[in-house]
Every structure is written in C-alpha cells, then in structure tokens.
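Asks: Top line first, the protein sequences correspond to chains B and W.
Number 159 in the numbering used here belongs to position 159 of the first sequence; there are no gaps in the numbering.
Number 114 in the numbering used here belongs to position 114 of the second sequence; there are no gaps in the numbering.
No lab work stands behind these hints: they were computed from the structure.
It is possible that some hints are incorrect.
[What the hints assert, rightly or not] Here are the simulated lysine to any residue pairs, SDA-like style, with alpha carbons at most 25 Å apart: (1) Lys210/B x Phe55/W; (2) Lys213/B x Gly25/W; (3) Lys213/B x Cys19/W; (4) Lys141/W x Asp154/W; (5) Lys210/B x Phe18/W; (6) Lys210/B x Asp13/W; (7) Lys290/B x Glu225/B; (8) Lys159/W x Lys210/B; (9) Lys210/B x Lys141/W; (10) Lys12/W x Pro205/B; (11) Lys213/B x Lys141/W; (12) Lys188/W x Gly199/B; (13) Lys213/B x Thr128/W; (14) Lys192/W x Ala201/B; (15) Lys213/B x Gly129/W; (16) Lys193/B x Arg43/W; (17) Lys213/B x His17/W; (18) Lys12/W x Ser96/B; (19) Lys210/B x His17/W; (20) Lys213/B x Ile100/W; (21) Lys193/B x His17/W; (22) Lys12/W x Asp216/B; (23) Lys192/W x Asp216/B; (24) Lys159/W x Ala223/W; (25) Lys210/B x Arg43/W; (26) Lys12/W x Lys290/B; (27) Lys12/W x Arg196/W.
[What the hints assert, rightly or not] Not close to chain W: a few residues of chain B, all C-beta gaps over 10 Å, as computed: (28) Phe6; (29) Lys19; (30) Cys24; (31) Glu88; (32) Gly89; (33) Tyr123; (34) Arg127; (35) Pro182; (36) Arg244; (37) Ile313; (38) Thr340.
All C-beta atoms, glycine included, are put in the ideal place defined by N, C-alpha and C.
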Amino acid sequence: MIGKQFVKGNEAVAMAAIKAGVRCYFGYPITPQSDIPEYLSRELPRNGGTFIQAESEIGAINMVLGASAAGLRAMTSSSGPGISLKQEGISYMAGSELPGVIVDIMRQGPGLGGIDASQADYYQATRGGGHGGYRIIVLAPGSVQEMYDLTMLAFDLSDLYRIPAMVLADSVLGQMKESITPNRRPVCALPPKDWAVRGWAEGSPQNVVKSLKLGDGEMEKFHWEMHARYQLLADRESRWEEYRTDDARLIVTAFGSTARISRTAVETARAAGMKVGLLRPITLVPFPKKIYADLSRRCKLFLDIELSTGQMIDDVRLSVERDTEVAFYGRPPGAGSLPTPEEIFEQIGKVYP
Amino acid sequence: MKQVFGRSPSLKDVQTHFCPGCHHGAVHRLVAEAMDEFAIRDRTIGCASVGCSVFLYGYFNIDVVESPHGRAPAVATGVKRARPDNIVFTYQGDGDLAAIGMSEIIHAANRGEDITVIFVNNTTYGMTGGQMAPTTMPGQKTSTSPYGRDINNDGAPFKMAELLSNLDGVAFSARVAVNNPRNVLAAKKLVKTAFRYQVEGRGFSFIEALAACPTNWGMQPLAANERVGSEMIPYFPLGVYKNTDNL
C-alpha cells in the first residue's frame, strides 16, 4: 500500500518526475518553482539520474534537447521570465519531434512582474510560445495530487506523441501543501525510441535529430503530419472535470487554482438553490472542445473565470455552440488579486438567469 | 598495387556544399581521421551547429543532433550526460560559438564536460553572407563592417583557444590551421589528441581551426589561403594553449 504524504505542489512534481523515470533534470533557479530543482538536486543523483544547474534557462532547455535526443526522459522547470527564454529550445524540440517535459509555475508578468499567482501565460503556453507554428501538450493541474499525477502523464503523452509537454500551474499550486497519494506509474505502452542518437552501428540506420527541412515539400509535409497528430491528440487525450453540470443553467469554467476557488463558489450557489455547475479543463492543449460543445447544447450560459484579462475565454468561445453566451470575470495577476469564493459567488449571482 | 591514400571510412562518399577553397572540408577530414584512428565512429555522436557546419549528418557516417544557434555545447552536455559511453563532439563556427553561444561554451568548458569542441574560425559569418563575426580582425571589411572592424566600436576579436585555456575545467586547448601541408599534419595530430582526451575520459578538449572563407572574403581560393598564413596566424598564433597530459 502506498501511504499518504503531505507535500508542496512543487515537491509533488519532482517526486512524480522521479517515479516517471526522469533521468536528467536541467534547470535554473527562479521563484516560485525553485523547490523543484532543490528537491531533484538532492534526490535525482541518489536515484541514478543527472542533475545540472545550468548557466541559463537557454542552456537548460538545450541540455533537455540533447538528453532527449539521446533517448532519455529529461525535464526542466521554470516560471514566466525563464519560460520565455526557453521558447527557442522548445521550438527546436517541436521541430525535431523530441519529447521532454517543461514545468511552468506561472508568476505575474509581463517582464519581471512579481511572484504571485497568475494565469496570464495561457496564450504563451497554448499557442506554442516560440516561432514556427506548433503546439505543445499543456496539462493544467488543480490540486497537489494532480501536480503529481499530471507530471507523470506529461512524460507518457510526450513520449507517445513525440511532442514536448508542459505542466502549467501557478504559485498557489506550487507552494501549497496538501496530502497526496504518490501513485505508481500508470501502465502505458510506449513505442521504442528507435529514432534516438546512440551511435551509428553497422546494420542500423543513421539517426539524425533535426528541425532543418530544406527538401522540396518536406516542411509542408511535416506541418500537415503534425496537424494530424494534434487532431489525434485532441480525439484521444482531451481531459476535463465536470461538477454538477447535469441540470446547470449556468456553467462556470476555469482551470487550475481559479477552478478550485470557483468550485467553492459553485457549492455556495447550489446551497442557495441556484443550478450552477463547473467545467474544468485539465488538458489545455488539447482543449476539450467537445465537452464545451456538448454542454452548450443544453446550457446556454457560461461564466469564464481567469487570473488574467481573459485568454482561455477565446478557446471557450470557439468551442461552445454559437448561441451560447460566455460571460467573463477576470482579475489580472498581481499581489492581492486572487479572487475569493465569495467574490466569484457574487459574480455568479450577477449573471445567473 | 597497395593503396596508400583514400577516403576516410568515417566520411560519406558525397560532394559537399562547401565553396571552392573553403577549409571546412579539410577540417571535416581531420575529424573523420581521428574517429578512424580510435575506431570510435560507431559510438560517436556529433552536435551540429547553425551555419555552414549544419550539414554534419550529410558528410559523416555518424548519428547527429542539430543544435539551435550557439547551443551545441549545451546540447552536447545533455547527450554526453545521457550517454557517457559515447564520444560526443560539437562542430561550430565563430558566430555560433563566440557570439550567440558564448555563454554555453564557457560554461560547458568550465564544468569540464567530457566532450570535444571543434571550433572553425574563419573571421566571418559564412552562411548568412559574410557579416562581422566576433573573430573578425581589426580593420577587416565585412558586409556589416563596411569601413573595417573598429575595435573602439566593436571590441577586439576573441581569442577563444587562449580564453578557454584559462578555465580549470579545460583539459586541452589548441589552435591549428590547414593552410599548408605542414600545418595540416600538425593539425591532424592535435585533433587526434583532442579526441584522445575524450576517449580517455580526461575532460573538455578544444580545437580552434583557422579557416579560409574565399567567397565571403571576396578573394580567390589561393589568395584566401595566403591570408590565413599572412594575416590570421600572426594574430591568432597556432599552438597548444592547455595540455594536461603531464598532470
């Protein structure tokens, strides 16, 4: 039996990475995620892995690129300013079809911003982030348990689809302590990494990991193949959580820590006799479009809540039926801007039909 | 009849994209011969960089990872840490290594990563059309230094072999040239030494190879070859700057 443990969200990420078989971690200190490299600098070498504190975020992501090209599970973690620096490497990994896990414990921005929770990097995460037109898998945990579970899932999905995967959380989830069950690694049949560089032995093909595609039609073909793979990902891997949506006349939708706060507000609304539900996307890429479409056939009012001036709302609007109204309540990230459940309940009251 | 000279088995039997008079081909050959010498071809992984050296996989019979501009030492760090039994080298130009990738090379060297770095210094950005490089010589005209490199404005050229030799993590650092048979023979020996360091697990080894770029220098191949001897070698002296064989 696996006992419960009382850990920080960031520690849960690091624990899960080791359980998932990460062999190499490369990172650079930045608040509010430094518990991840601190934990792994202590535990990864003991578990047969390699930890390097890189010279920069750019150095770190390119070390991930190298270790991943060599066929090992590799990861890095950071927050806003550092994630911006990693975008070059992430684009190259996407272009080279390399797996790898990037953990983003969001803080405020733009620029140096501040260290309080934010969801304003939704666009950066879900639109690729770097140059060239690509998507990466983006998973949005809503609890410390999910910080653990989704980190494991990120490694499997990334290996399965050969697309970099990001765990997108924020400083609330990273710094919060909760009791979790450190589950075993789920069984997932993964293809062999026969594309990895390991030395070109007689009788085997030359392996080249690259993103340069100069042949006539080569790059176009790559883009269409990736487009099809993103579709496959959407069909198979979309994940979400519904809470009391069956008879809802208003569906609140939010991800991550904002969804937790919203859930308390939804419970308050239910206690007051209001038919309110909650839809929480767990995968942001792929965005679970189908459930939004399905629910909007019977519920014509959504309330999107974000720690920003509104980014996920674009995906919500693109996913619901056309005659659905999507109201919005946002608090741009900043010290003191985290909404309370009472505040969200008040917003529910304002738009409730 | 006994064959006394032929293509290195580590090289593919293909034409290269290099311009007439370019020294990349000669440097490629020396790297291939080092792999032949130590019979390490089938366990060597190359880290290509961005520039004229990007097509490494097309010329060598080895597995290759392509790196973002300047990042090959970080990529090679990841590869070597993941596969310590493999031989890992980067092959980078001067813009790649000494400008955009200065941070990566300095830190990989300082960590003493057990990799070999082949640095081709031709005093210009070749692939992008001859712009000023961090190694462009004082007064040298390029497409972005049309009045000649002004060291008061642009700084002086980096002397990478000397600079890296000051780091404790560096086991071997040398500068070579391939502009005449004598220098080629000396270069061959030192490139082999650099790979021997890695075969023996001795730490970071660095070769700076001075090279001609006739196209972007606007010179005939012979004149460009002459310039390596008359201008570059006096400014970038050949030799071994760090050697830990006797430690």
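Asks: Taking the hints in turn, state whether each one holds.
Replies: Here's how the hints hold up against the structure:
1. Lys210/B x Phe55/W: Holds, at roughly 10 Å.
2. Lys213/B x Gly25/W: Holds, at about 23 Å.
3. Lys213/B x Cys19/W: Between Lys213/B and Cys19/W the Cα gap is close to 21 Å, so the pair holds against 25 Å.
4. Lys141/W x Asp154/W: 13 Å, holds
5. Lys210/B x Phe18/W: Measuring from Cα to Cα gives roughly 20 Å; hence the hint holds.
6. Lys210/B x Asp13/W: Since the Cα atoms of Lys210/B and Asp13/W sit roughly 22 Å apart, the hinted pair holds (cutoff 25 Å).
7. Lys290/B x Glu225/B: Roughly 22 Å separates the two Cα atoms, so the pair holds.
8. Lys159/W x Lys210/B: 30 Å, violated
9. Lys210/B x Lys141/W: 34 Å, violated
10. Lys12/W x Pro205/B: Holds. Lys12/W to Pro205/B sits at ~14 Å (cutoff 25 Å).
11. Lys213/B x Lys141/W: 33 Å, violated
12. Lys188/W x Gly199/B: 23 Å, holds
13. Lys213/B x Thr128/W: 17 Å, holds
14. Lys192/W x Ala201/B: 22 Å, holds
15. Lys213/B x Gly129/W: Roughly 20 Å between the alpha carbons, so the hint for Lys213/B and Gly129/W holds.
16. Lys193/B x Arg43/W: Holds. Lys193/B to Arg43/W sits at ~17 Å (cutoff 25 Å).
17. Lys213/B x His17/W: 16 Å, holds
18. Lys12/W x Ser96/B: Holds, at about 23 Å.
19. Lys210/B x His17/W: 18 Å, holds
20. Lys213/B x Ile100/W: 22 Å, holds
21. Lys193/B x His17/W: Distance ~31 Å between Lys193/B and His17/W Cα, so the pair is violated.
22. Lys12/W x Asp216/B: 23 Å, holds
23. Lys192/W x Asp216/B: 38 Å, violated
24. Lys159/W x Ala223/W: 23 Å, holds
25. Lys210/B x Arg43/W: 19 Å, holds
26. Lys12/W x Lys290/B: Violated: Lys12/W and Lys290/B sit about 51 Å apart, past 25 Å.
27. Lys12/W x Arg196/W: Roughly 23 Å separates the two Cα atoms, so the pair holds.
28. Phe6: 33 Å, holds
29. Lys19: 19 Å, holds
30. Cys24: 6 Å, violated
31. Glu88: Incorrect as stated: the minimum Cβ-Cβ distance to chain W is 6 Å, not above 10 Å.
32. Gly89: 6 Å, violated
33. Tyr123: 23 Å, holds
34. Arg127: Holds, since 20 Å exceeds 10 Å.
35. Pro182: 26 Å, holds
36. Arg244: For Arg244/B, whose nearest Cβ neighbour in chain W is about 47 Å away, the distance exceeds 10 Å, so it holds.
37. Ile313: Consistent with the label, Ile313/B stays out of reach of chain W, its closest Cβ about 34 Å off (over 10 Å).
38. Thr340: 44 Å, holds
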